[in-house]
Amino acid sequence: KQKTAYEIAQRLVGSEMCIRDRYQRRVHGESKQLMSSVGKGKGGRGKATSKAVSRSSKAGLQFPVGRIARFLKQGRYAERIGAGAPVYMAAVLEYLCAEVLELAGNAARDNKKTRIVPRHIQLAIRNDEELNKLMANTTIASGGVLPNIHSALIPKKGKGEEEPSQSLDQFTHPNILQ
8 KQKTAYEIAQ RLVGSEMCIR DRYQRRVHGE SKQLMSSVGK GKGGRGKATS KAVSRSSKAG
68 LQFPVGRIAR FLKQGRYAER IGAGAPVYMA AVLEYLCAEV LELAGNAARD NKKTRIVPRH
128 IQLAIRNDEE LNKLMANTTI ASGGVLPNIH SALIPKKGKG EEEPSQSLDQ FTHPNILQ
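Residues in the sequence shown are numbered from 8 upward in steps of one, following my numbering.
It should be emphasised that the hints constitute simulated quantities derived from the structure, not laboratory data.
Hints are supplied without guarantee of correctness; some may be wrong.
The list that follows gives simulated cross-link-like pairs (lysine to aspartate or glutamate, DMTMM-like), each with its CA atoms no further than 20 Å apart [what the hints assert, rightly or not]:
no. : residue 1 : residue 2
1   : K65       : E101
2   : K120      : E106
3   : K140      : E101
4   : K140      : E109
Please model the complete structure; the sequences and the hints are all you need to start from.
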């Protein structure tokens, strides 16, 4: 069964009411605008040609649908590329970018910074389970590593145990001091 653009957008975003309203406004609003220019020739009344609308704006995306379509065609990933493939791919890339930027912004704010640097992106990705799994084999330049000390390296403090700095006798051999 062929899915409509509304069903795809609903699955991507999740908020059914918001998507339905935007989808209906976009589809019905544009059809009214297109119908108003039909039948007007070069008589001087109204515009003869309508202004070009990008596929990104039709889909309500910020990422460039046309550029992604061009890259898919030039990359020779398949003999033919459908019209919906670059739209879907642009939507997924935009979602992933927004997710990473939101988490990196939170990491920057936690470090009392106003600018996101590669370290904040690294912390955002490695602290999120799903993004860490997606980017497991990726190295981020100037990202550093997560702060982590293995539990075996942390000294244990038990009952009746002295502080290690108080007695140095346990670290020296008895024959050396004599």
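Evaluation of the provided hints:
1. K65 x E101: Between K65 and E101 the Cα gap is close to 15 Å, so the pair holds against 20 Å.
2. K120 x E106: holds (19 Å)
3. K140 x E101: Roughly 19 Å separates the two Cα atoms, so the pair holds.
4. K140 x E109: Satisfied, since the Cα-Cα distance of roughly 18 Å is no more than 20 Å.
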